Amino acid sequence: MSDISPENTFEAASAPSRPTGVPPFTLPPLLRTVVSRLPAFPPSLATALALSLIAPRLLGSDNLALLVGKAFRVVVHDAGASVAFRVQPQRFEALTSDRQVDVTFTACAADFLLLATRRADPDTLFFERRLLIEGDTETGLMLKNILDSIELPRWLSGG
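In our numbering, the protein residues as written are 99 to 257.
Just so you know, the hints here were simulated from the structure itself, not pulled from any lab data. Values in this document were obtained by computation on a predicted structure and should not be read as measured data. Cβ atoms here follow ideal geometry from the backbone N, Cα and C, with glycine treated the same way. One or more hints might be untrue.
Label pairs and their calculated CB-CB ranges [what the hints assert, rightly or not]: (1) ARG197 / ILE152: 20 to 26 angstroms; (2) LEU245 / LEU128: 27 to 33 angstroms; (3) LEU136 / ASP246: 31 to 37 angstroms.
Given the sequences, and given the hints that come with them, work out the whole structure.
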């Protein structure tokens, strides 16, 4: 497992900002209060199971093989939630919240939705300080390039 150190970190400011003229959408504070008090492992387990079913079809086995052994954390800051998982051969493994990961991605729920549907570019969100990426630069860029190379299903892309 690689250490996360300042020389291996690329990040934006910790408080994502919006360009002028774009109204911010964040989840209601009550939702954050409730979700942030729930245990983190069940959502990580659900995410790992979902990715185990979906990712091989979307990403392909060759791309997944490049990520084997890498651990990721996704933090939805306006929900007060995070999930952590590691890519294993043929599956994804849920991680507890105290486990070290290679890369952490942090954004609000609306921005993750924009990324998932390709209505926003990760580079743009990063430079607008709406997407925070911390950890191993090489792993983060590898995942970004893999995600950029796949063709989304019509139902997800709105096409």
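These are the hints, each one checked on the structure:
no., hint, result
1, ARG197 / ILE152: 20 to 26 angstroms, "holds (22 angstroms)"
2, LEU245 / LEU128: 27 to 33 angstroms, "holds (32 angstroms)"
3, LEU136 / ASP246: 31 to 37 angstroms, "holds (32 angstroms)"
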